[in-house]
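Engineer: Using the working numbering, the letters of the sequence shown map in sequence onto residues 1 to 84.
Simulated from the structure, these hints should not be mistaken for lab results. Source: prediction; values computed, not measured. Some hints here could point you the wrong way.
Unchecked claim - Computed list of lysine to aspartate or glutamate pairs in EDC-like fashion (alpha-carbon distance at most 20 Å, straight line):
1) Lys29 / Glu51
2) Lys74 / Asp43
3) Lys77 / Asp27
4) Lys29 / Glu7
5) Lys77 / Glu25
6) Lys77 / Glu51
Stated by the list, open to error - Simulated restraints, written as ranges between beta carbons of each label pair:
7) Pro4 / Asp43: 31 to 37 Å
8) Lys74 / Pro4: 30 to 36 Å
9) Asp41 / Leu14: 16 to 22 Å
Heads up, the beta-carbon is just placed ideally off N, CA and C, and yes, glycines get one too.
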Amino acid sequence: MIRPRLERYRKYFLNHFDNYVLAAEFDLKKNLVVYATPYQDFDEIVIEICEGLVDTVDFSDHVLLYLYPFGSNKYIKIAINPTN
Numbered sequence: 001m002i003r004p005r006l007e008r009y010r011k012y013f014l015n016h017f018d019n020y021v022l023a024a025e026f027d028l029k030k031n032l033v034v035y036a037t038p039y040q041d042f043d044e045i046v047i048e049i050c051e052g053l054v055d056t057v058d059f060s061d062h063v064l065l066y067l068y069p070f071g072s073n074k075y076i077k078i079a080i081n082p083t084n
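Generate the whole structure from the sequences, applying the supplied hints.
Structural biologist: Following this line, the structure appears as structure tokens:
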């Protein structure tokens, strides 16, 4: 996936999920890392993001999303057409 497409996903998370997301960045492996806000229930955030991905992601893309609850080192990994 080329960088502009990755940036499109990052901006989508920041704009579309602004009530649920504090930050969205890429790690060195080009995985999208998203940090959830502490002001919403984490389970609700996961549901909203998973439902919102259907309208956003091109399923020919290979996207790994790591969603961290606020203040936690634990995460939920969401994979769309993973390559391995």
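Engineer: Please go over all the hints and tell whether each is borne out by the structure.
Structural biologist: Hints, one by one, checked against the model:
{"no.": "1", "hint": "Lys29 / Glu51", "in the structure": "25 Å, violated"}
{"no.": "2", "hint": "Lys74 / Asp43", "in the structure": "14 Å, holds"}
{"no.": "3", "hint": "Lys77 / Asp27", "in the structure": "14 Å, holds"}
{"no.": "4", "hint": "Lys29 / Glu7", "in the structure": "14 Å, holds"}
{"no.": "5", "hint": "Lys77 / Glu25", "in the structure": "15 Å, holds"}
{"no.": "6", "hint": "Lys77 / Glu51", "in the structure": "15 Å, holds"}
{"no.": "7", "hint": "Pro4 / Asp43: 31 to 37 Å", "in the structure": "32 Å, holds"}
{"no.": "8", "hint": "Lys74 / Pro4: 30 to 36 Å", "in the structure": "31 Å, holds"}
{"no.": "9", "hint": "Asp41 / Leu14: 16 to 22 Å", "in the structure": "20 Å, holds"}
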